[in-house]
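> Sequence:
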Amino acid sequence: MSSVSHASARVCWRSLLFGLAFAVLTLLPAVSAPAAEETATKSKKTATAAGARVATHNDLTYSTVDGEELKLDLAVPTAGEGPYPMVVFIHGGGWAGGNRVSFRSQIQQAARRGYVAATVSYRLMQYDRENKETTTAKKAFPDQVHDVKAAIRWLRANAAEYHADPERIGVIGFSAGGHLVLMLGLTDEDSGLEGEGGNPKVSSRVQAVVNVFGPTEMKSAWKQSSVAWIYRLFMGGTPEEAAEHYRLASPVTWVSKDDPPVL
Numbered sequence: 566m567s568s569v570s571h572a573s574a575r576v577c578w579r580s581l582l583f584g585l586a587f588a589v590l591t592l593l594p595a596v597s598a599p600a601a602e603e604t605a606t607k608s609k610k611t612a613t614a615a616g617a618r619v620a621t622h623n624d625l626t627y628s629t630v631d632g633e634e635l636k637l638d639l640a641v642p643t644a645g646e647g648p649y650p651m652v653v654f655i656h657g658g659g660w661a662g663g664n665r666v667s668f669r670s671q672i673q674q675a676a677r678r679g680y681v682a683a684t685v686s687y688r689l690m691q692y693d694r695e696n697k698e699t700t701t702a703k704k705a706f707p708d709q710v711h712d713v714k715a716a717i718r719w720l721r722a723n724a725a726e727y728h729a730d731p732e733r734i735g736v737i738g739f740s741a742g743g744h745l746v747l748m749l750g751l752t753d754e755d756s757g758l759e760g761e762g763g764n765p766k767v768s769s770r771v772q773a774v775v776n777v778f779g780p781t782e783m784k785s786a787w788k789q790s791s792v793a794w795i796y797r798l799f800m801g802g803t804p805e806e807a808a809e810h811y812r813l814a815s816p817v818t819w820v821s822k823d824d825p826p827v828l
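Add 565 to the 1-based position in the sequence shown for my numbering, that's all there is to it.
These aren't lab readings, by the way, just hints derived from the structure by calculation. Take every hint as true, because none was put in to throw you off.
Straight-line C-alpha distance at most 27 angstroms; calculated DSS-like pairs for lysine-lysine:
hint	residue 1	residue 2
1	Lys788	Lys697
2	Lys788	Lys703
3	Lys697	Lys784
4	Lys703	Lys636
5	Lys784	Lys822
6	Lys704	Lys784
7	Lys704	Lys788
8	Lys636	Lys704
9	Lys704	Lys766
10	Lys822	Lys766
11	Lys703	Lys784
12	Lys636	Lys766
My request is simple: use the sequences and hints to build the entire structure.
Right under this line is the structure:
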């Protein structure tokens, strides 16, 4: 396939992906179960923001853990008063790489469609890259889950300031970020995975999830992966050595009838 064809395929795939993501996020008014009149009003306000100018708020600190400031970027529609539904992007990178900045253009796009949109950083796993097959890692599971939950709590606690609806939050994540958004969608305050990242009385639950090729069952992912060492580092061992971590970190462990819609 030519480079032009490859580029066209990437553009088509990206367009399809974001189309599907926004399709799922349109479920947000329904899953928050407001009265029909209120839903219609919110939907109208969202529609009026489409194509509007966007206010950007970069480098907002949502939590500080062991002296490390954790940041997020926000894009907010400027047409109307809202409240607008929120969409939160979580980057991938094997829980050890990636950067929220890579999704700044996507949050601008989402804000132009009528969403308050965020892209979130979280603690990255640290390890000896020269000896990755034998070393142990710092900042491994469950730190990343704690952080994204803290980000959702901060966004919900500060929703009014940014004209966002705290009861309509959708998340989309890629690879390791896909795993993290599944954990956001499927775990609750009783899971023991909230962490201590601030706003402890605020819920970290979300109302819609888009997982883009993130793992759903960690033991199977470890067995099938060409980079099994990443899972060993993140989990703190093999499935035999760290069975409880593999169970807790597997989104399928937490599936229940009251979960939000997941794509």
